[in-house]
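Visitor: Sequence:
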Amino acid sequence: MKALFTFFTLAIITSGYAQNPREGLPVPTTGRTNIPFPSVRIPTVFNPTSEAKAPDFNQLIATGDYYFNQKRYSDAIDNYTKALDQRADQHAKDQILRAEALQAREEKEKALRTEEERKAEATRIPQAEFISRTLTDNPWRNAAFVCDVTGSMDKYNDQTLAWLKPRIEAGDSSIQGVVLFNDNEDHEINMLRGTHSFVPTTYEEATQRFRDARKESHGYDVNENNIQGLLRAQQDYPSCENLIMINDNNEPWDFSLASQVTKPVHVIICGPPAALEAAFLNLARMTKGSVHFNGRSYKDLDTYTEGTTLKVNNTTYVVRDGKFVRTN
Numbered sequence: 001m002k003a004l005f006t007f008f009t010l011a012i013i014t015s016g017y018a019q020n021p022r023e024g025l026p027v028p029t030t031g032r033t034n035i036p037f038p039s040v041r042i043p044t045v046f047n048p049t050s051e052a053k054a055p056d057f058n059q060l061i062a063t064g065d066y067y068f069n070q071k072r073y074s075d076a077i078d079n080y081t082k083a084l085d086q087r088a089d090q091h092a093k094d095q096i097l098r099a100e101a102l103q104a105r106e107e108k109e110k111a112l113r114t115e116e117e118r119k120a121e122a123t124r125i126p127q128a129e130f131i132s133r134t135l136t137d138n139p140w141r142n143a144a145f146v147c148d149v150t151g152s153m154d155k156y157n158d159q160t161l162a163w164l165k166p167r168i169e170a171g172d173s174s175i176q177g178v179v180l181f182n183d184n185e186d187h188e189i190n191m192l193r194g195t196h197s198f199v200p201t202t203y204e205e206a207t208q209r210f211r212d213a214r215k216e217s218h219g220y221d222v223n224e225n226n227i228q229g230l231l232r233a234q235q236d237y238p239s240c241e242n243l244i245m246i247n248d249n250n251e252p253w254d255f256s257l258a259s260q261v262t263k264p265v266h267v268i269i270c271g272p273p274a275a276l277e278a279a280f281l282n283l284a285r286m287t288k289g290s291v292h293f294n295g296r297s298y299k300d301l302d303t304y305t306e307g308t309t310l311k312v313n314n315t316t317y318v319v320r321d322g323k324f325v326r327t328n
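In our numbering, the protein residues as written are 1 to 328.
These aren't lab readings, by the way, just hints derived from the structure by calculation.
Accuracy of the hints is not assured; some may be wrong.
As the list claims (entries may be wrong) - Cut-off 25 Å, straight-line C-alpha distance, at most; resulting in silico cross-link-like pairs (DSS-like, lysine-lysine):
no.	residue 1	residue 2
1	Lys155	Lys215
2	Lys263	Lys288
3	Lys108	Lys93
4	Lys311	Lys299
5	Lys263	Lys215
6	Lys215	Lys299
7	Lys93	Lys82
8	Lys110	Lys71
9	Lys215	Lys165
10	Lys108	Lys311
11	Lys299	Lys263
Please work from the sequences and hints to get the whole structure.
Guide: As structure tokens, then:
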């Protein structure tokens, strides 16, 4: 009986679906009515921002004075002008005149400095060709070369060799000889230690000599044996009239021997434009030579009298007790 009831129930449902298959089976319900949830409008909270209060007269004057003392003259003038818009004031008027005068002076000095720097830069020899240009512009005759072959000088010695090459190949007799110095680790007064002397006959020989001396460089101390190199050249090439020393900007540890150098020394200093060591100015002054540094030449240093100043880049030197002394 139960099976028969189930059969008739399925038959009725199936017949209804067959009559209208698109409607599908009835969707079961819970018997409850769906009530739409009302939309709630959230009120916008308005927070009015208070307008910035304009500075009053006293604030403008105080701000103007602050900028004036900071040498920000344009800002100072702007604040004083706004203060005068509020009421007349002699202090503000006077300060505007002072600020305008100082501002004009600063602009003029800046223009002059710019022009001086432009002219100086136009005459400065680029570092990449510094040695060759200096040697070409100053044709020192019958000269002995004294060259620093420590590590800092590698790329500059390439310039020196490039300049020497055509002259060696042409048999230029004005090149008396070459002395290479590469430190003396014990700081021993012995010109034969740490120096190498030769007369170049071929470019290949000169290049090899530079390489060999470079390998023997100790490099323990930044201060080097420049003066002993000069004395070695003076001894080995007595007929030379000039000593051309090419080195970095490190003070010689053996400068106490400088009084023994009797030939004019022309110092070509290589490397970054730091403050020039005063020892090289004094060496050139003592021997009536010259200094060539950062693309510029300094000559006739022996004519500088007591109290005379010399400016090299941004460093000032003054002659005191017959010697150049750095002042800043």
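Visitor: Confirm or reject each hint.
Guide: Structure-based check of each hint:
1. Lys155 x Lys215: holds (15 Å)
2. Lys263 x Lys288: holds (8 Å)
3. Lys108 x Lys93: holds (23 Å)
4. Lys311 x Lys299: holds (13 Å)
5. Lys263 x Lys215: violated (29 Å)
6. Lys215 x Lys299: violated (34 Å)
7. Lys93 x Lys82: holds (11 Å)
8. Lys110 x Lys71: holds (14 Å)
9. Lys215 x Lys165: Roughly 22 Å separates the two Cα atoms, so the pair holds.
10. Lys108 x Lys311: Within the cut-off at roughly 22 Å; holds.
11. Lys299 x Lys263: With a Cα-Cα distance of about 15 Å, the restraint between lysine 299 and lysine 263 holds, given a limit of 25 Å.
Hint violations for this structure: numbers 5, 6, all remaining hints satisfied.
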